[in-house]
Amino acid sequence: MAVQNRTEEHVHAHPGIRTYVEIAVILAILTSAEVAVYYIEWMEPYLVYTLLTMSAVKFLIVVGYFMHLKFDHRLLSYVFFFGLLTGLGLVVSFLALFSHF
Amino acid sequence: MADVAIEHPTSTGIDSRKLAMWAFLASDCMFFGSLIASYMVAKNRSVVGPYPDELINIPFTSVSSFVLLMSSLGMVLALAGLQRGNIPMFRIWTLATGLLGLVFLGGQIYEFTEFYHEGLTLRHNLFGSTFFTLTGFHGTHVAIGVVWLFSLFLASFKRGLVTPAKSLNVEIAGLYWHFVDIVWIIIFTLVYLLPY
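If you read the protein sequences in the order shown, they are chains S and R. Position 81 (the first sequence) corresponds to 81 in the numbering used here; numbering is contiguous. Position 104 (the second sequence) corresponds to 104 in the numbering used here; numbering is contiguous.
Wrong hints could be hidden among the right ones.
[To be verified] Covered stretches of chain R (chain S as the covering partner; in silico rule of three or more C-beta atoms under 8 Å from a C-beta of chain S):
hint: 1; segment: 135-143
hint: 2; segment: 184-194
[Said to hold, decoys possible] Only pairs whose alpha carbons sit at most 30 Å apart, straight line, appear in this in silico DSS-like list of lysine-lysine:
hint: 3; chain 1: R; residue 1: 18; chain 2: S; residue 2: 70
hint: 4; chain 1: R; residue 1: 166; chain 2: S; residue 2: 70
hint: 5; chain 1: R; residue 1: 166; chain 2: R; residue 2: 18
hint: 6; chain 1: R; residue 1: 43; chain 2: R; residue 2: 166
[Claimed, not checked] Heads up, incomplete: computed chain S residues facing chain R, CB under 10 Å, no partners named:
hint: 7; residue: 40
hint: 8; residue: 52
hint: 9; residue: 71
hint: 10; residue: 79
hint: 11; residue: 80
Calculated directly from the structure, the hints in this document are not laboratory data. Don't be surprised by glycine CBs; every beta carbon is placed ideally from N, CA and C.
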């Protein structure tokens with residue numbers, strides 16, 4: 001019974017199908033915007049920051065909603081973001097080490 | 001009674017399998033972080049061509065990216081179907097997700113062969129080494145995910161293997177699949193869209 005209750009709570013905590021479709025539309029729009037920005041000449045000075053920001057937003061949307069991290073136990077967020085930030089730190093460190101900044 | 005999922009109590013209240021998958025994904029973040037770091041450091045440092053801007057096809061890769069993104073939608077719909085006890089919905093969307101994954105892999109294979117025909121190999125220059133290593137490992141992850149999804153699809157035809165009470169198994173597969181998608185979100189931006 002405890003298992004069934006927990007399963008029911010978990011199901012109710014999930015976004016609905018309509019929400020998932022809306023999120024997918026948002027992701028598709030963001031992807032299209034990324035590609036569009038690539039081709040817009042006057043956006044060139046802002047290209048890197050714009051693309052990185054849009055990617056980060058897409059990333060967080062998928063992690064938060066599709067992977068359900070927003071609604072799950074906090075420990076899972078700590079575990080995942082520990083790995084993510086370590087990987088990110090590695091990238092930044094390498095770029096700094098090889099004088100990309 | 002036969003369909004009741006028996007959970008072992010954990011100190012965190014989280015199923016151990018789910019925690020294990022998240023821990024694996026955290027480690028995979030570090031793994032791909034190292035490959036991406038290598039790519040970014042080697043970017044624009046190839047001494048000989050072919051160079052990225054001569055090879056990269058943004059429209060083609062944009063379609064691939066869209067395909068993989070939509071496969072993530074398929075995955076959540078498959079899980080939603082199973083959790084609602086709608087096995088046909090689960091089957092349709094799991095199959096769709098796997099097929100979209102295959103389409104993505106087909107696109108990758110096409111791209112790899114096109115690059116190869118232009119003279120780019122794993123050991124030809126820095127771009128070849130880092131590009132093929134990074135996208136190759138990602139493609140391998142996708143391939144494993146496709147096999148996993150097709151396994152779930154086939155298992156759903158055997159009574160008792162794929163049930164709403166056991167939806168965690170599909171949820172865990174979904175976590176892996178979505179991770180593969182978010183890695184591609186990063187790769188698409190850093191490798192293809194950022195200027196050379």
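Quick rundown of the hints versus the structure:
Against chain S, the segment 135-143 of chain R contributes 0 residues with a C-beta closer than 8 Å to a partner C-beta. That does not satisfy the three-residue criterion, and the hint is violated. With 6 residues having a Cβ less than 8 Å from any Cβ of chain S, the segment 184-194 of chain R passes the three-residue criterion, so the hint holds. Our distance criterion of 30 Å between C-alpha atoms is met by residue 18 (chain R) and residue 70 (chain S), whose separation comes to about 15 Å. The hinted pair formed by residue 166 (chain R) and residue 70 (chain S) meets the criterion: a straight-line CA distance of about 22 Å does not exceed 30 Å.
The hinted pair formed by residue 166 (chain R) and residue 18 (chain R) meets the criterion: a straight-line CA distance of about 12 Å does not exceed 30 Å. Restraint check: the Cα-Cα separation between residue 43 (chain R) and residue 166 (chain R) comes to about 45 Å, which exceeds 30 Å; the hinted pair is violated. With 10 Å as the threshold, the beta carbon of residue 40 (chain S) stays out of range of chain R, its nearest partner Cβ sitting at about 12 Å, so the hint is violated. With 10 Å as the threshold, the beta carbon of residue 52 (chain S) comes within range of chain R, its nearest partner Cβ sitting at about 7 Å, so the hint holds.
For residue 71 (chain S), the interface hint is violated, since its Cβ never comes within 10 Å of a Cβ in chain R; the closest pair sits about 12 Å apart. Because the beta carbon of residue 79 (chain S) sits about 5 Å from the nearest beta carbon in chain R, less than 10 Å, this interface hint is met. A hinted interface residue such as residue 80 (chain S) counts as satisfied when its beta carbon comes closer than 10 Å to some beta carbon of chain R; here the least separation is about 5 Å, so the hint holds.
Comparing the model with each earlier hint shows violations of hints 1, 6, 7 and 9; every other hint is respected.
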